[in-house]
Structures are given as structure tokens and as C-alpha cells.
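**Student:** If you want the building blocks of each chain, they are given just below.
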Amino acid sequence: MDIEIRPEDQPFADEVQRWLDEHLVGEFAEHRGVGGPDDPAAWELRLRWEKKLSAGRWLGLTWPPEYGGRGATLSQAIIFEYLYARAQAPYRLGVQGQDLFGPTLLMFGTPGQKARFLPKILAAEEFWGQGFSEPDAGSDLASVRTRARLDGDDWMIDGQKIWMTFGTSADWLYVLCRTDPRAARHRGLSLLIVPARQPGVEIRPVTNMLGDGGFCEVFFTAARTRADLVVGAPGDGWKVAMAALGVERGTLLIPQQLGFEREAEHVLELARGRAGATGLSHRLVDAWIAVRLMRVTTLRTIGELVAGREPGAQAATSKLYASVQHQRLLELATELLADDMTVTGGGYALKALQRAFLLSRAETIYGGSSQIQRNIIGERVLGLPREPRPGSTGG
Amino acid sequence: MDIEIRPEDQPFADEVQRWLDEHLVGEFAEHRGVGGPDDPAAWELRLRWEKKLSAGRWLGLTWPPEYGGRGATLSQAIIFEYLYARAQAPYRLGVQGQDLFGPTLLMFGTPGQKARFLPKILAAEEFWGQGFSEPDAGSDLASVRTRARLDGDDWMIDGQKIWMTFGTSADWLYVLCRTDPRAARHRGLSLLIVPARQPGVEIRPVTNMLGDGGFCEVFFTAARTRADLVVGAPGDGWKVAMAALGVERGTLLIPQQLGFEREAEHVLELARGRAGATGLSHRLVDAWIAVRLMRVTTLRTIGELVAGREPGAQAATSKLYASVQHQRLLELATELLADDMTVTGGGYALKALQRAFLLSRAETIYGGSSQIQRNIIGERVLGLPREPRPGSTGG
Amino acid sequence: MDFLFTDEQLELRATVRDFLAGKSAEETVRRLMATEAGYDPRVWRQMSDQLGLTGLAVPEEYGGAGFGYVELGIVFEEMGRALLCAPYLSTVALATEALLRCADEAARRDLLPGLAAGRTIGTLALLEKPGRWDEAGVQTRASRTAAGWVLDGAKRHVQDGHIADLIMVGARTPAGVGLFAVDGAAPGLTRTSVPTLDQTRKQANLEFAGTPARLIGDDADGWRVLRRVLDTAAVLLAAEQVGGAFRAVEMAAGYARVRVQFGRPIGSFQAIKHLCADMLTEAEAARSAAYYGLWELAADSDDVPLAASLAKACCSQAYSRIAGDAIQVHGGIGFTWEHPAHLYFKRAKACEAMLGTPGYHRDLLAARLGLRSARGMEA
Amino acid sequence: MDFLFTDEQLELRATVRDFLAGKSAEETVRRLMATEAGYDPRVWRQMSDQLGLTGLAVPEEYGGAGFGYVELGIVFEEMGRALLCAPYLSTVALATEALLRCADEAARRDLLPGLAAGRTIGTLALLEKPGRWDEAGVQTRASRTAAGWVLDGAKRHVQDGHIADLIMVGARTPAGVGLFAVDGAAPGLTRTSVPTLDQTRKQANLEFAGTPARLIGDDADGWRVLRRVLDTAAVLLAAEQVGGAFRAVEMAAGYARVRVQFGRPIGSFQAIKHLCADMLTEAEAARSAAYYGLWELAADSDDVPLAASLAKACCSQAYSRIAGDAIQVHGGIGFTWEHPAHLYFKRAKACEAMLGTPGYHRDLLAARLGLRSARGMEA
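Protein chains in written order, with my numbering: chain A, 1 to 395; chain B, 396 to 790; chain C, 791 to 1169; chain D, 1170 to 1548.
None of these hints come from the bench; they were simulated from the model. Since the model is a prediction, treat every value here as computed from it, not as a measurement. Mixed in with the good hints, there may be bad ones.
Selected chain B positions facing chain C (in silico; Cβ < 7 Å) [what the hints assert, rightly or not]:
{"id": "1", "residue": "L679"}
{"id": "2", "residue": "I684"}
{"id": "3", "residue": "V691"}
{"id": "4", "residue": "T692"}
{"id": "5", "residue": "Q709"}
{"id": "6", "residue": "I767"}
{"id": "7", "residue": "R769"}
{"id": "8", "residue": "E782"}
Only pairs whose alpha carbons sit at most 30 Å apart, straight line, appear in this in silico DSSO-like list of lysine-lysine [unchecked claim]:
{"id": "9", "chain 1": "D", "residue 1": "K1298", "chain 2": "B", "residue 2": "K509"}
{"id": "10", "chain 1": "B", "residue 1": "K746", "chain 2": "B", "residue 2": "K714"}
{"id": "11", "chain 1": "C", "residue 1": "K919", "chain 2": "A", "residue 2": "K51"}
{"id": "12", "chain 1": "A", "residue 1": "K351", "chain 2": "A", "residue 2": "K51"}
{"id": "13", "chain 1": "B", "residue 1": "K746", "chain 2": "B", "residue 2": "K634"}
Cβ coordinates follow ideal geometry from the N, Cα and C atoms, glycine included.
Sequences and hints are given; from them, build the entire structure.
**Tutor:** Encoded structure:
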């Protein structure tokens, strides 16, 4: 994956590379590429690394200096992510705060909220958890039932959230709550900032099919937060939450893409080493093609973002394409591994390709399932009509 | 494709084979396999052949003798179709009357109707056309708008039908009409028998993408038919039409299956002759597998029908499976033909594989599109809920 | 007109399904998959004694019930549905089948009754390198000594190898490949349990160091027998895959009927409804594939190798895809450990590799269809 | 951060789209596809003179506009959308490109200006057997006589071969493969129009019997040139395929927005909505593939052969699949002659075979990626 570095950005790129060369040594160099968006592996080491990044002022690059950022350009942020991912520095723990909640707060927060929360995110001192989904509100977020009501100077919150990444390590939660029980669906929701460590909040890991605990469920029982800790106005929760989900994450495309390329190369290498993979040659070629096309598509989107243009339709289709193709790549990997695929290490310790294979099943579910993606592409890009609201159920 | 012939059916099988050996000679032998369900090729020759079949009493085998049938068992009918298709006798022209309308009239017709129409079908003297679909009622048959009202002793019919196979050769039409304009959708429909050759009926061929005219559109302008020429009671049209579409056509599976097998063998033979088809070997194997599985599935369904059991779910999934797999087989054929695929004979004369390839696009559309098939499988077999009726159109 | 189950066969299916509903419920599967042995000896005893499943297709003269492959296939299909944790495939499809196919009547008389009665747990140790299910993959050495034959070498991915009383082994003799029987407690045999991705089915690696072994049949005749065993086991495994695939379809459809999102059961959305319809369509095709294999086995036809590779390739792919789609229909909950969807998905994945991947079997079919030369295929 | 069109390129696209909306509407396409010549010389003249499209990527010294491959790709994409009937691909992507890539400055000076100005219609005659786009497929013989070189042999599937004024020919010389220029009116040249499945693009078979020809460059250097011509043309054809594919998506979505069944626009059903979404997703991937090829061509990178095969394989498959799905969305009406869906479907099918099928290009890629040896691939 080659991004173009413009002459004016070259000094910045050199600075990034120099810093990485100096700091990505020792235990960090030994843990190249460790972790992933939902993967809690090597937590303590990654936390030490994240503090170093913070000290170097490499977190929240595009944020205003007053909150600890550098006010860098998107182009610089992309260069950083590219060099960072290419060096296989550890996957950052603070994605929730740095890439999701932080940008949302920058858009909708009060000056006081920003001053209170943003610097702690970039200092890697406070971590965040997203409380959007509920057991009965997965794809259908508008039907969240967790409710909050004002009780004196506090909101009192009752309900349940699920699929919170790294919830057990969160200091603060941003929680979509129903604050007006009479308003229907999208209306009557508010986004509250809730301290995670209080008696009314119970956070339990949910074990996934790998046997890992990256996700959590959260129970709120008369949990409290201050009345002013609402992002945007009360009742604007839907708008704010959608903005959080739609935050421009062009920079996150880069580590994902470099990860795909490494995996694809690994799979081709496996195939080269296996006599009898000839019959699979076209499927292997197709897997390689798909990864190469994801690269081009990523570069198209990044190019548009950096140029300040509205991203084209490929930005809408790329998640669907990538998640489906990634599953295919790993299905191919498992077929090449053959019987080796069937055994693990002790304590259900999975090999890298086994982990990736199992995790890939979630990629078509989380962050908007493939079905939801197709709805969005069909309706927002192709202008197809929405489903009619149910009248009566057909006979 | 091997069907099992039970000892008690052996004399019948011998009789069929003897007759075929004696009659499938001369011009008929020279036109082995000519025609298809929607293919009007070699009409005159096929008409001569069909008269011979009639003289031999090989049409409508299972129908009662009083209407010209033999009252044969399903098992015998299947043996006949198998030997017939294996001998590549010309594809029969009278499918509409023999396999669709006739069985429906046997179920719902009055004695007078049966006596009037059924013998002429088996005599290959009168041919039939199905008037169900309309330009605005394709997948959604319940919204037919062609209307009929009683005018003295006649129905008077106005409207338009489309996708009538072999319409220009039809003597009679069976037409789904709205006879009660106040009743909604499924209700208020009747199935009328309408003479095709009258001033109020205009039948025009619709050229398909092959440049052929197997299908027709039909315009009714104050067309007339006798008041008693309604199948079932007035208002029962939906029930009767659905029965016509659901008529047990297990015997039709056999020529289709043998046709698939011949095509698959042709494609494999092409591949064996082409250097460099190695990379396609798995796709070729998959195509062969699919055709072999269609055979097994057909035999499973026929076995159940002959045993008088309710056919299993495979009977519901097989049309979807076959049409999709048949398209794949022919896509593979076109890839093997490579540049040869791009040229035709003079006058847009298509090669057999080109014809089959283009026709295969219709197989996922006509007779219930793949989308409709998936609805049926989902709802009737898996018990999934129907779409809710539209209330308001979503925002 | 013969692809039809008899009433007796349908009854067998109902009996086995009933039995497993009681003895292989999800909580039982979860309990057993966490044990080292990986099965419940009491249930195994009931399967053998009450239902006669271990000897179902063993001729009566060796203590079996004398049924055929179609009946056996029905049992495998039901076991696949129920994710049964038991050494049935290894005992019945591998060890028993090897003895049935060999040309050694004495060995059959000695060894089959124990297997048929469920008193002996058997297996087959063949694979040495991943994916190498062909004759050339057999490198373990068999040597004739004064005291009889001894084996030296290592076998991997031996199903239930950690508990088997009787291990059938393919090994290279001076004359070719021979089939051997080794006692599970033989000296010079080291068994190492290996943790499996699909925890409902266990494996061991076996090392042979001068391990005494009994030659079964002729010392050059082993591959003929093993080839047929592999084909037979592939078909029976395919039947198991079909059972699991149908259960996954049912789980998905069942969830889609009741799970409400956007004010409607998700199964009323065509996105989910049509996905389920496609799953069922593929499952029915897979069922035809497995039944084709069973019927060819029952007819002892020349097409058994063709049908076996077809069944294994097709059912492997269908099960994996359907089990993956079932997770998709369930959404987030289907990705959790507590939901059974992953148990089917992992079983599907493990079955896929076992006895040759879909790609391996497509290669065999390509060669048989004259499309290209096979790798590692004789005949 | 370079996969981005300049404002100038976007303007070129708009201009060409506008022009073709007027000059290549459906009724025009239908009229021209029924003619023998297969194009409208007046429109061709306007394309050359007013828009400068024939010389777009020809250096100014030969009478062209000196733009690059990215601009050319934009033009092809638009022509694909509009199903333009004109000898553009043969003249610009084949004949012109062969001259640009050859090492014969005199030939370039003689022949390029006519092509760039649109006065000369050019093409390339290479293929002799279906699917054999490799060097070994070239069997037509070139012999040196007192009067110069003459050609003997037969070429098939020559695009616009019936009207070409200038035919570039790959032929076997004593030294290897040479590139030759033949006048469309040369003695000993027999041209036979061949009816095409895709009637919007014409072909001829050519026979050479002692046909005089001009050697272009060295008599052993032809394949080097031709290989690059094939790669370049594959990328430009891929761009054309992308244009057609997007038009097919738009037609399908447009119909789905207005066609009502069951009381709703069919596009409100997920079955249709999601099919359209998948079509768009595949079209966008194909667009990335074509643009990748264009950018590698523009950079004159070592990866051109890789990118060309990727683009051709990927865009061929996408266009065929999308054009087929567009018929599906239209239902019965999409299967009729009067509806334009089949024109796109047949164009897609013809493009698929031209310059090598997807399977052929996957084989090349497999070899380049070290997955297996290529057939007929040098280097």
C-alpha cells in the first residue's frame, strides 16, 4: 500500500519515522502488530506504549492544541497512520475515546465538557466505552429502552447495554438513553456521559466464540451522572449517536488495509508451500485481487477526503466488500491449512489465522451488518425506496 | 439419469421403447432434441410428430380413457417421459394443454367442459395459451386488471395479457380475469376459457433477446366467450389459477434433467479439448456436481410422488437451485468457448450453447422468479413470517 | 425411483433422534466437550446395547445387526444434528469398516465382535502430514521381526486416538502399504491428546517406536482396503455434515421467526428470509449429495469413489457455509460462546478438513472426469 | 493520495458524456448495429475534429493532444456507458497503441497523424484460435521477398476488420514475431464480415495470401510491442466495461424505483434493493480495478502486466454479472429484444472474451504470483 507523501509533508513524515525508529524497540518491537480493534491481548504492554505515544503527542493529531492535539491536517494524520501501521506498532487501546467519542464531543460538546474530557483521552489516562446496542436493539438502535430521568441534579439510569468493546477497562461510558418515554423511537433519546466506576454500573465480559472477552454487557441500576453530562441537547441523542457512528474514520482504513495485505501474503505463501494447491489457484488469485482492490478503493477514498471532496459511492460499498472478501480470504486460508486448522494450542490458544478466521465472522455483523449495509447502499446511494412501515401483518 | 423400472412396469416400458424405435425415424430422427418449452423451432415437423404421438395414444397417459388417456399410473408416465427424453424425441408443442390447462380442467371443469376440450388436446387438434401475467401483474398476479363482465349470454373481456407461450398458435386461451371489480386483489377473479381466433383478440409475438418469438402479448377488446366457459365458480379464479401453476409436473423434470446432463457433458468435452482450462477445473467439477445433484434430487422427488408421499423440501428448493446452477454451467461454457462465443451465424442464427446461455437468463425469471421462489421457501417451508402489508411508506 | 427411505428406515431415524434429544442436548455436549475423554461411557453403552448402533451395519455373524449403509447414514445424520460427543465415527466408519473391507477372515472374527458390541473403541491412524490423505503420504514404517511386525513412525490427527482400544494403522511394508492392528495399550506407543478447535471431537497424535502390530491381510493389500475405507467414511461423514447443516438452518429460521427488530420479526425481512431460503436450498443439495453416496455404497457400485468425493466436497462446503450463515442470522449473539451457533460452525470447519478438504476432493474428481491429472491418485 | 481525478479530467468526462448522450442514444445504437459498417462516419468525424478523441493520448508531434492514459480511460468509460458504435477501441487502443509502443520512428511519423486525426481507421489482427492471446498463438507467416515482406495466414475475430484502413498484424518471421502494417485495400487480403452476438461491435475474419506488408521495427521485436499493446488495450477495455456496468446498475435501480408490484415499488423489497446494492458494490470494485490499471499505465510502472490482467479479469466478470442481474431486476421485460438490457448483457459477454477471458488472465496472475506455471506466458 503506497500513499503519496507531498513535499510539504515530508518533514512531518520524517519526524514520525524517526520517533518510531527510536521508540518501537525492546518489548514493543517484540510485540509487533499485537492487538486489534476488539482484541485485548497484551493490555499492559499496550498501555505502556500508549503513554509513550501520548508523551510524544502522537494521539489525536488533528485535534486542537488546547486539548492536547497538534491541529494537524488530515493528510498528516494519514501519513502517521500509514507509517505507524507499516511499522506494526501495537494496536492502540484508546480507539473508543480517540476515534469515536472524542471527535463526537469535538462536534457537539460544551467548552467545559471538551476541556474536562479530551485532554485525558489524549493523555491515555481515561478510557471510554460505547453504550449504544441493547439486547433488543441491535441493528435497530432507535428502539433502545435504557432510560434516564432527572432526579435532582443527576440523571438516574436503568437498563442494559451490550457489545461494549473493552468495557471492563472503561472509565467513562457514553450511553444512548431514552429520556422522554412518551416520544417515539428516534425522538426522546439523549446521549449521556456516565462514570463507569460506580455502584449502579455493573460491567461483565461476554465471552466470544474465540473464548476471548473483548466485549462486555453493562447493567445500569439507578446509576447516576450529573445533569449537565449530556452531549448536545436532551432529545438530540439520535442525531449525536448517528454522528458518532458516522465520524470520518478514513485513518482507520489504513491499519486494516495493511493487515489484509499481510494476511493475503501469508496465505499466498502457504499456498506456494503446498503441493496440490493448483486447483485453488483461481480462488487464490481472486483473494489477492480483492485485497489489491481494497487498497485502491481505500486510496480513492482517502484521496477524496484529503482533497476535501465528498467521498464517492465506493466509500459506502467498501465495508460490505471488505468484510465479505476478508471472510473468503480466511476461508481459503483454512482450506490450505487443512487438518492443521483443526487443532489449537493448550488452553484453547488459537493460531493467528484461526483467530482471524473466527473474528472475520463478526465483521459482517458488527458496525452495521451486511444486511444493514445493503439497505444503506440501496437507499442512500441508489435512491431506492425504504421499506414501508408495517400496517397489518400479511395473512 | 437412471430411473428404476419395477417388474410390473417392464411390459409398458418395452411397449414405449418399441414404439419409439419404430416411429422416431426419418425426419424425426434427423431432428432429435429439437425445440424446448418456449422454443418454436421446427413447428410443422413437431406438429406432425405430435399427431403421431396422439395416434399412438401417448399423450395424456394418466388421463381417464374417456378423454383419450390411458388411465396410466404416475410411475408409467415417468417411464414414458424418461424413455422419450432419452431417445431425444422432439419437444412437444402441446405442453400448455397437456401439462397445465388439461390437468386443471380435470380438477375443476364441468363434465361438459371436459368432454368438449380434453379429447381435442390429446388429439393435438387444439392448442392452448395461458393468459395470467399482465404488464403490471408479473410476479404479483393478484393485481390482474383484465376485466370481464357478463353481457347477455357472454362474457365481454377487455384488457391485456403478456408472456403467453406460443400464443400465435393457440386456439383457446385460459384467461385470469377480474369479474368482480369491487372485490380486492385475490377475490373477484375468474378463470375464463376464451376462443383465441375472434376479432376482439389480438395476439402479437414479443421478440425475446435471442431474436425469437416464443412469447406473445394479447390484447382483448370486447372479446367474447360464452357465459358457461368459466373454470370453477366465478370468483374462484385465484384458487384455480394457483392450482394450474401448482399442477404436479414431476414428469417435466425428466426431459429437463436429461437436457442438463447432455449440456454438462458437452461442456466437459469442450474443456477436455482446450489446453489451459486447468485453472477452471474446480468450476467444471462444481458444474458437474450440480447437474449430478439435480439428478438425485429429481429422483428423490419422483420417488416420493410415485410412492404417494408428500414431496420433501427439496421439491420446493429445486427450481431455485436448478435455475441458478444452470446459469453457472452456461457461463462456464461461454468462458470455454472464449472468442467463439462472440460470433453467430447469418441472420443472428445462434449456436446451441449460445441459445441455451441466453435462455438461461429467463429461467430465474419465468415461472416464479428466484426472488419469489425464496419467498415461498422461506414462508411455506421454513415458516418465516410474511412481509407486513404496507401501512405508511417509511420516511 | 429408488431414492426413497423405507418405513423401517424412517422409524430408525425417529428412534435415534429421540434418543439423542435426551442424551446429547446442548448442556451435555458442553459438559462432554470439556472433559478429556470427550464422551459419556454410559451413553455409549446404551447406544451399543439398547440401540445396537455400533454394530448396525456389521453382519450378524460378527455380532452385528446386518443393516446397510443407508441405515448407517441415517444414524450419522442424526448424530450430526445433535453434535454427539462419542467415538462413533472412528469406531464405526473407520476401524469397523477397515476390518469389513479387509481380506483377513481371522482378524474379522477376532476383532469385529468387540467393535460391534461397543466394547472396543476403534480408530484409524493414517494421516502424517496435513492434507495428505493419499497413499504416498504413508511413511510410517512396518518391519517384520522375529517376534512379528513392529511399527515406527508418527501419525497425526487421529480421531479419538487418546481413548481407542484398537488402532488400525496404514504403514509402509517392504511390499507396499499394509494394514495393521495395534492395541491401544501396546508398548512403544505414545499417545498425546491434542486440543481441538472443535472441542466436541477429540484427536491425538500417536508415535510408534518398535510398536508390535498385527498385520491384517496381505502386506501389500493395505491401500486397496484403506482407499475404500476413506471413501466410505467420507460418505458417512458427509451424512453427519448434512445433519448438522439442517440443524443450523432450523436454528437460524427459528430465531428469525421470533427475533424482533424494527417492529417486525427479522424473518419477515427478505434479507433474512432469502438468506434462510438459500441455506435450505444448499442443505437440500448437500442432502442429495450424501444420499447419492449412501445409495452408491449400498449398491457397492463402481461409482463409489466418484460419489464419495462428490459428497465430501459438497457437504463440507455446505455445512461450513450454512453454519457461518446461521451465525449471521443470529447477529451479535451468534458470535458469543454461550450460544450454540459456534459449536456447529467449528464442527463444520473440522469436518471440512477431515478425510480431505473440498479442494482435495475436487482435484480427485477433476482427474476422474478427465479434466486433468490428479495429485496422489492411483488407478 | 493520488487516486483522484483533476478538475480538468472531470470536465473531460462531462464533455464526453454530453456528446454521447446526443450522438449515441439507444435509438442510434439500434440503428447503427443493424448497419454493415456499424458506425456513423459523421459522428466519428465530430469525435475526431471537435473533441479530438482519436488523438487524445497521441503526442502533439504526431498530431495528437498529448494527454495520457487516465484521460483515455475516462473516454472509454463513457463510451461503454453509451454503448457507442464506433471503431474507437480498434483504432485507438490497438492500432495507435502499437505504433506508439514500437521502435520505428519513421512508421510513427507516417501513420500516426492519420490515426490521431481520425482519417485512418485502424485495428490489430492477432488472434488465430479462440482464447490463444499468447505469442505461441501467432502462426501467420511473414516472408521477405524481393518486393518486401508478404504475409500468409488467417486471423479471426478482428475488431472492425471489415472497415479498417490500416491493419497492424502480428506474424511469425524467421527471427521471431514481427509487427506489420497492412493497408486495408492491399492485394491478397480477403476480409469477411462475421455476424456478432454483440451487434454493437463488428468483427471480420481476414485472410492473407502473399499480402504485402510493412515491417514495423525489428522483425524479432514484435511480441514485446504486442504484449504491451494487449496489456494497454485490456485496461482500456476494462474502463469501457466499468462504464457499461454502471449504466446497467443505474438502469436497474431506476426501474426498481418506479416499477410497482404487490402495491410497492419493487426497489423497496430487500430482495431487489440488496441485489442492486451488491451490483453497485461489485461495480465500484471493478472501477477500482480499472483505475488501478490506468494509473499504473500512466506511471509506466513495472506492474502494468499485473494490473492489466487484474483489471481485465475483474471488470469482465463484474460487467457480465451486473448486466445479467440487471435483466433479473427488470423481470420479463428485461428479456425482450425491445428493452436495452440485452444490449448491455451481450456487450458484456463479448468484452469478456476479447483480449483474453477472466480465466486466462487469472492463469497469468497465478503465474506472476508464483502460484503455478503459466501457459503461454513468457518472462
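**Student:** Please go over all the hints and tell whether each is borne out by the structure.
**Tutor:** Here is what the structure says about each hint:
1. L679: 6 Å, holds
2. I684: 5 Å, holds
3. V691: Given a least distance of 4 Å, the restraint on V691/B holds.
4. T692: Given a least distance of 5 Å, the restraint on T692/B holds.
5. Q709: 4 Å, holds
6. I767: Not OK, violated: I767/B not within 7 Å of chain C, min 11 Å.
7. R769: 4 Å, holds
8. E782: Constraint on E782/B satisfied, holds at 6 Å.
9. K1298/D x K509/B: Violated, at about 59 Å.
10. K746/B x K714/B: 25 Å, holds
11. K919/C x K51/A: 46 Å, violated
12. K351/A x K51/A: Holds: K351/A and K51/A sit about 29 Å apart, inside 30 Å.
13. K746/B x K634/B: 41 Å, violated
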